[in-house]
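Visitor: Sequence:
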Amino acid sequence: MIQYNNSDITFTDFRRCSFKAVLKVTYVMASNNLPVDPLKFVLQITVFSLLLVPGILWAVLKKFIPVKPKSVKGQVVLITGAARGIGRELATRFGKLGAKVACVDIDESGNHETAQIIKDCGGVAKSYKCDVSKKDDIKILHSKVKQDLGPVDIVINNAGIVWGHLYIDPSKDQFITDQINVNLMAHIWMNREILPSMLERNCGHIVAMSSMSSMAGVANISTYTVSKWGINGMMECLHNELKQFNCNVKTTNILPYFIKTNEKVSAFLDIRLPEIPTHIAGEEMMKGILEERRIFSVPGHMLNMVHILRLLPDNLQALFNNILYVKIRGEPQDDIPKVIGATIAYVYFPPEPKNVEGKLILITGAARGNGRELAMQFHRLGAKIVCVDKDEVGNNETVDRIKVEGGQAVGFKVNITDKEQVMMMHAAVRDKMGPVDILVNNAAVVETTLFANPEADDTISEIVIREILPSMLERNSGHIVTISSVTSLKGMPLLFAYSATKFALNGMMESLTNELKLIKSDVITTTVCPYFIANCPDKSKARILRLQELPVEDACALIIEGILRNERVFTIPDYYFYSVPLVKFLPEDLQDIICDIVYSNIEPTPDEEKIIQKYTKFVEMNKPQYSTFAPCLKMGSVPD
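In the working numbering, the protein residues as written are 27 to 666.
Quick caveat, the hints were computed from the structure, so don't treat them as lab data.
Computed from a prediction, not measured in an experiment: that's the story for all the values here.
It is possible that part of the hints are untrue.
[As the list claims (entries may be wrong)] Think about it this way: if two alpha-carbon atoms lie no more than 16 Å apart in a straight line, the pair counts; the simulated EDC-like pairs of lysine to aspartate or glutamate are: (1) LYS269 with GLU614; (2) LYS89 with GLU310; (3) LYS94 with GLU317; (4) LYS88 with ASP615; (5) LYS160 with ASP204; (6) LYS161 with GLU226; (7) LYS636 with GLU226.
Whenever a hint applies, use it, and build me the whole structure from the sequences.
Guide: Structure below.
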């Protein structure tokens, strides 16, 4: 329970999105903060209100108005994963439209065959062998393509590894690394290599091949799901960052259902809906790319269907997943009365918080901020605390504070990206304190960086779940908590690496939840998506009063109450969880307006400001004079 001006706001108020909670939080935060750019804020609200109804009507009308596809004749299209499947399908289709196709794949033989098919049809194509998971290889590739075919106009990041695995399979460590590197990091390295040349010409199109599994976690393909959720976050951040330059570089994110491209993969999957034939999927993808859609699914209705699903209670979401998604077990119809009854009971009679007295709770990132506050509040509930952080001094200070208050705590200096250190830490914890009952994954890096900044080389780190989960499964007891972020629901400019990792975390937790259901385990998962928390000096400045930063003590109290009630996923404030899917139903232009209103104004560093100014100049120099909606044109092709 939280005290706001002598008035209590409970977690239940937030979970039910009660008007009382919204008013109280708004009042308290408004009394302590002023909005950034108040006149601009009022103007944006006015513009959005005026455009809301016309924008929705226009979006509906456009569904019935054919969109003229752009011409790609003579343009250079670079396609990764072109040796087979959907990559080959897209490459041959672009070749028939007169594009010069750069076929990229690590499979030299299949890639050469794709290029030859295009040439036999009278097209222009060249094959390039490249390991897209390696940044240096991508630099060499880009140089060769520019020399052979010219500057890249469209890049399609299609390469991916599709095989699945059990989350806790200890033999899959290298496979996980390879899958993240190919499926996610390759997108980042490729885009960051080619994007600057597109910005210089104020022209280009970046296409990402995501998956419908990026909208709902699927058991037994957790790493694949992680990579695809990360792609969604990266592409949203990139879109919002490009808006800052007011440029004509376009982005497209494609979310296909399972496509029949590989018989071995098809044999591995147990799906209820049939796979989509490659030629049908390719036709739909080409249509979306040439119409420059920002995000779409194949088939098209699935994206909105999943957005609606996100508004349902957890139990009904699980039931719906059983009906549609892979690895179907049992007949979902038998569970309908039970699920509906449990959902109604949960909404109106929420469970009592569980008791953590005497439980062992391991918290990463415990040296400061959220981690320290969570450690202190859990200790006051009688739990034994394991504090984990790279910052030994700050971590020891947290331990000392707990001991001063009479609590039990130990600290470990650990780099959680180092598997050996994590294994040694876990062994020491079991020897000193016993098995871990609750794992709170809180450690994170929140540095800002521009997507086009060549100096920023952020990486995706693994966490300690795979080390601790097996012991929980052996005891059939435990609770895994991940502190994500609201940026995992909607990408933000200057936070592309942070948002991508948080999107990926959400996907991992959803896949893990579904995998635990398959084995009927009592291990519980919780994903927390808080808004910005005032736990340290921060560059973010929110515009809307009710979304100002929460005090760290109050935010952590809400986090702990959600954990104690075994909530599967929640945001702070809770209404944000429902508002994001609703916003995604709006037309894209209205989404951009409302996101600009709601989101924080992240201030760039001096170096980032120089990069923004540099590319803004290129955009102004190469801006089309006759239409802001002109198709992608090469520099110098705009008429005088």
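Visitor: Does GLU310 sit within 16 Å of LYS89, going by the straight-line distance between their CA atoms?
Guide: holds, 15 Å
Visitor: Please work out if LYS88 and ASP615 have their alpha carbons no farther apart than 16 Å.
Guide: holds, 13 Å
Visitor: Assess, step by step, whether the Cα of LYS94 is no farther than 16 Å from the Cα of GLU317, and give holds or violated.
Guide: holds, 7 Å
Visitor: Check the hint pairing LYS269 with GLU614 against an upper bound of 16 Å on the C-alpha distance.
Guide: holds, 13 Å
Visitor: Taking 16 Å as the top limit, are the C-alpha atoms of LYS636 and GLU226 close enough?
Guide: holds, 14 Å
Visitor: Is it true that the CA of LYS161 sits at most 16 Å from the CA of GLU226?
Guide: Not satisfied, since the Cα-Cα distance of roughly 21 Å exceeds 16 Å.
Visitor: CA of LYS160 to CA of ASP204, is that 16 Å or under?
Guide: Cα-Cα ~11 Å, so holds.
The structure is inconsistent with hint 6 alone, although it conforms to all the rest.
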